[in-house]
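Put together the whole structure using the sequences plus the hints.
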Amino acid sequence: MSWRKRTYCGDIDERDVERDVVLMGWVDAVRDHGNLLFIHLRDRAGIVQVVFDPKVDKDTYELSRTLKEEYVVEIKGRVKRRRKGTENPHIITGSLEVFAEELKILSRSSPLPFKISEKAMFLGEEISSSPKKVDEELRLRYRYLDLRRPSMQEGLIKRYEIIRLIREYMDRNEFIEVETPFLTKSTPEGARDYLVPSR
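Each residue of the sequence shown is one higher than the one before, starting from 1407 at the first, in this note's numbering.
Read the hints as simulated data drawn from the structure, not as lab findings. Take these hints with a grain of salt, some might be off.
[Unchecked claim] No more than 25 Å apart at the CA atoms, straight line, and that leaves these computed lysine to aspartate or glutamate pairs for DMTMM-like:
1) K1411 x E1476
2) K1510 x D1417
3) K1482 x E1574
4) K1510 x D1459
5) K1482 x E1585
6) K1490 x D1417
7) K1564 x E1585
8) K1464 x E1507
9) K1510 x D1463
10) K1474 x D1417
11) K1510 x D1541
12) K1482 x D1449
13) K1461 x E1507
14) K1482 x E1493
15) K1474 x D1449
16) K1474 x E1583
17) K1486 x D1449
18) K1490 x D1465
19) K1411 x E1508
20) K1521 x D1465
21) K1486 x D1419
22) K1521 x D1438
23) K1461 x E1508
24) K1461 x E1493
25) K1510 x E1480
26) K1490 x D1422
27) K1411 x D1459
28) K1411 x E1480
29) K1521 x D1552
30) K1521 x E1507
31) K1521 x D1463
32) K1490 x D1459
33) K1482 x D1465
34) K1564 x D1463
35) K1482 x D1463
Structure below.
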């Protein structure tokens, strides 16, 4: 499988039904039903359910059985509507699923110090997980993992959008952005701040 134009997980909608898509993201949750394996694939746009069926591709199905949470994968598959009664109202893509035809594991994950998924949701069932109960010190020690949580990303995205809107407004009104040590954040380097002369 070579690099191809990808579709974001949260952007899949009814227009994609019966179309092939390429998805990339983190394995959010895994559920093995014996003859079928389901995963929730997560990226910055949202979550979509992916189905691995040995009848679609046996090699892909066998490889999918090695998947663990937070593996980074690339998946090619066909978008289909979920059977009536199996829809998941808790996610935007809850009426759709992707039947995997190809799977490429881009990066494997070591056992996690805490569960990153805030809600593992299958077939309309919500299973609360542990991030809120996880000690803050542990979350800070593994900050690079904690920042993957949707609630953490929401805050970063909102901050970015507010700053972008302010910049666009100021630019339209012909203001020039000037950064000085008094108007912007400090520049920490190692043990102490690296002082930047301002005069």
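Comparing the hints with the structure gives:
With a C-alpha separation of about 22 Å, the suggested pairing of K1411 with E1476 holds against the 25 Å cut-off. With a CA separation close to 21 Å, the supplied pair K1510 and D1417 stays within the 25 Å bound. Between K1482 and E1574, the direct Cα distance comes to roughly 37 Å. Violation of the 25 Å bound is thereby established for this hinted pair. A distance of roughly 16 Å separates the Cα atoms of K1510 and D1459; the hinted pair therefore holds under the 25 Å criterion.
Between K1482 and E1585 the alpha-carbon distance is near 45 Å, which puts this suggested pair outside the 25 Å criterion. A distance of roughly 21 Å separates the Cα atoms of K1490 and D1417; the hinted pair therefore holds under the 25 Å criterion. A threshold of 25 Å between alpha carbons decides the hint, and for K1564 with E1585 the separation of about 22 Å falls inside it, so the pair holds. For a cut-off of 25 Å, the pair hint linking K1464 to E1507 stands: about 9 Å separates their Cα positions.
With a C-alpha separation of about 13 Å, the suggested pair K1510 and D1463 falls inside the 25 Å cut-off, and the hint holds. At roughly 24 Å between alpha-carbon atoms, K1474 and D1417 fall within 25 Å of each other, so this suggested pair holds. Distance hint between K1510 and D1541 is unfulfilled; the C-alpha atoms sit about 34 Å from each other, more than 25 Å. A C-alpha spacing of about 15 Å is found between K1482 and D1449, which places the hinted pair at or below 25 Å, so the restraint holds.
Distance restraint check for K1461 and E1507: the Cα-Cα separation of roughly 10 Å lies within the 25 Å cut-off, and the hinted pair is therefore satisfied. Restraint check: the Cα-Cα separation between K1482 and E1493 comes to about 22 Å, which is no more than 25 Å; the hinted pair holds. Restraint check: the Cα-Cα separation between K1474 and D1449 comes to about 16 Å, which is no more than 25 Å; the hinted pair holds. Between K1474 and E1583 the alpha-carbon distance is near 46 Å, which puts this suggested pair outside the 25 Å criterion.
Taking the CA atoms of K1486 and D1449, the gap is about 19 Å. The hint holds against a cut of 25 Å. In summary, the hint linking K1490 to D1465 is not supported, as the alpha carbons are separated by about 29 Å, beyond the 25 Å threshold. Between K1411 and E1508 the CA atoms are separated by roughly 15 Å; this keeps the pair inside 25 Å, and the hint holds. Proposed proximity of K1521 and D1465 is contradicted: the alpha carbons are some 29 Å apart, above 25 Å.
Pair hint K1486 plus D1419 holds up; C-alpha atoms about 10 Å apart against a cutoff of 25 Å. Simply put, K1521 and D1438 have alpha-carbon atoms about 18 Å apart, close enough for the 25 Å limit, and the pair holds. A C-alpha spacing of about 13 Å is found between K1461 and E1508, which places the hinted pair at or below 25 Å, so the restraint holds. For the given pair, K1461 sits about 22 Å from E1493 by alpha-carbon distance, which is consistent with the 25 Å threshold.
Only pairs whose Cα atoms come within 25 Å are accepted, and K1510 paired with E1480 is accepted, the gap being roughly 5 Å. Note on K1490 and D1422: the hinted pairing holds, with a Cα-Cα distance of about 18 Å set against a maximum of 25 Å. Taken as a hint, the K1411 and D1459 pair is honoured in the structure, with Cα atoms around 24 Å apart against an allowance of 25 Å. For the proposed pair K1411 and E1480, the alpha carbon gap of about 11 Å is at most 25 Å, so the pair holds.
Under the criterion of a C-alpha separation no larger than 25 Å, the hint pairing K1521 with D1552 is consistent with the structure, at around 9 Å. The suggested pairing of K1521 with E1507 is violated, with an alpha-carbon distance near 28 Å, which exceeds 25 Å. Of the supplied pair hints, the one linking K1521 and D1463 is violated, its CA atoms being roughly 30 Å apart against a limit of 25 Å. About 19 Å separates the Cα atoms of K1490 and D1459, which keeps this hinted pair within 25 Å; it holds.
Of the supplied pair hints, the one linking K1482 and D1465 holds, its CA atoms being roughly 14 Å apart against a limit of 25 Å. Of the pairs offered as hints, the one joining K1564 and D1463 is violated, with about 40 Å between alpha carbons and a cut-off of 25 Å exceeded. For the suggested pair K1482 and D1463, the alpha carbons sit about 12 Å apart, so the restraint of at most 25 Å is met.
Going down the numbered hints, you'll see the structure goes against 3, 5, 11, 16, 18, 20, 30, 31 and 34, while the others check out.
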